[in-house]
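*Asks:* Given chain A, put chain B in place with the hints provided.
Residues per chain, in single letters:
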Amino acid sequence: DTGVSQDPRHKITKRGQNVTFRCDPISEHNRLYWYRQTLGQGPEFLTYFQNEAQLEKSRLLSDRFSAERPKGSFSTLEIQRTEQGDSAMYLCASSFYPASGKETQYFGPGTRLLVL
Amino acid sequence: DAKTTQPPSMDCAEGRAANLPCNHSTISGNEYVYWYRQIHSQGPQYIIHGLKNNETNEMASLIITEDRKSSTLILPHATLRDTAVYYCIVFDSWGKLQFGAGTQVVVTP
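Chains as they are written, first to last, in the working numbering: chain A, 2 to 117; chain B, 233 to 341.
Keep in mind that the hints were calculated from the coordinates and are not lab data.
None of the hints are false.
Straight-line Cα separation of at most 25 angstroms, PhoX-like style, residue types lysine-lysine; simulated pairs:
| hint | chain 1 | residue 1 | chain 2 | residue 2 |
| --- | --- | --- | --- | --- |
| 1 | B | Lys301 | B | Lys284 |
| 2 | A | Lys103 | B | Lys301 |
| 3 | B | Lys235 | A | Lys58 |
| 4 | B | Lys284 | B | Lys328 |
Reference listing, derived: stretches of chain B covered by chain A, where coverage requires no fewer than 3 residues with Cβ under 8 angstroms from a Cβ of chain A:
| hint | stretch |
| --- | --- |
| 5 | 273-287 |
| 6 | 327-338 |
What you are looking at is a predicted structure, and each value in this text was computed from that prediction instead of being measured.
Ideal Cβ placement from N, Cα and C applies to all residues, glycine included.
Looking at chain A on its own, in the form it has when it is part of the complex:
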């Protein structure tokens, strides 16, 4: 399978614990996006990278959230001191952004987080 993969698929944690999610993009895709989706809503943008540079962060990304893409390949999203409001599906997408400037994002299966 050469699609976007995410790990873990499900995570249950207690309030106050830290969690980390991983996303492996489609090979050779230079852009990687993180979105969050709560029940009954469409996905909301969190942040994105072009290669290893983090180019934009949403105001939804509080200081408890941090994302990295150290070598421009896989990415991690860490949530520190989790709160019940962090319970959501965390989605990763990747794309190839060419010089022509048009891209299509392909999504992974998501990581479903439940904070107790």
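*Replies:* Structure of chain B alone, referenced to chain A:
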């Protein structure tokens, strides 16, 4: 805020064509219309996109009106596996996607 308006839900009979409308009256000249769908508990799946001309691929057809203020996604022969939430997104071809609430499509036998 999302720049599109879609009906919240629609039903379709299996084997029939499903026509999903989307209104994007404030679309600007460099913005594309993208369609994604999300089957329950899965990540969104890219379907198709277009700028001005009608587009067709193995999954669907996209019809964009001449004034580009609305479009229709057509699933030619709906199957039960097409039951999903369908999102119409206006996108300037790079950067973040802004999803609305989408249309919940239920295909019935």
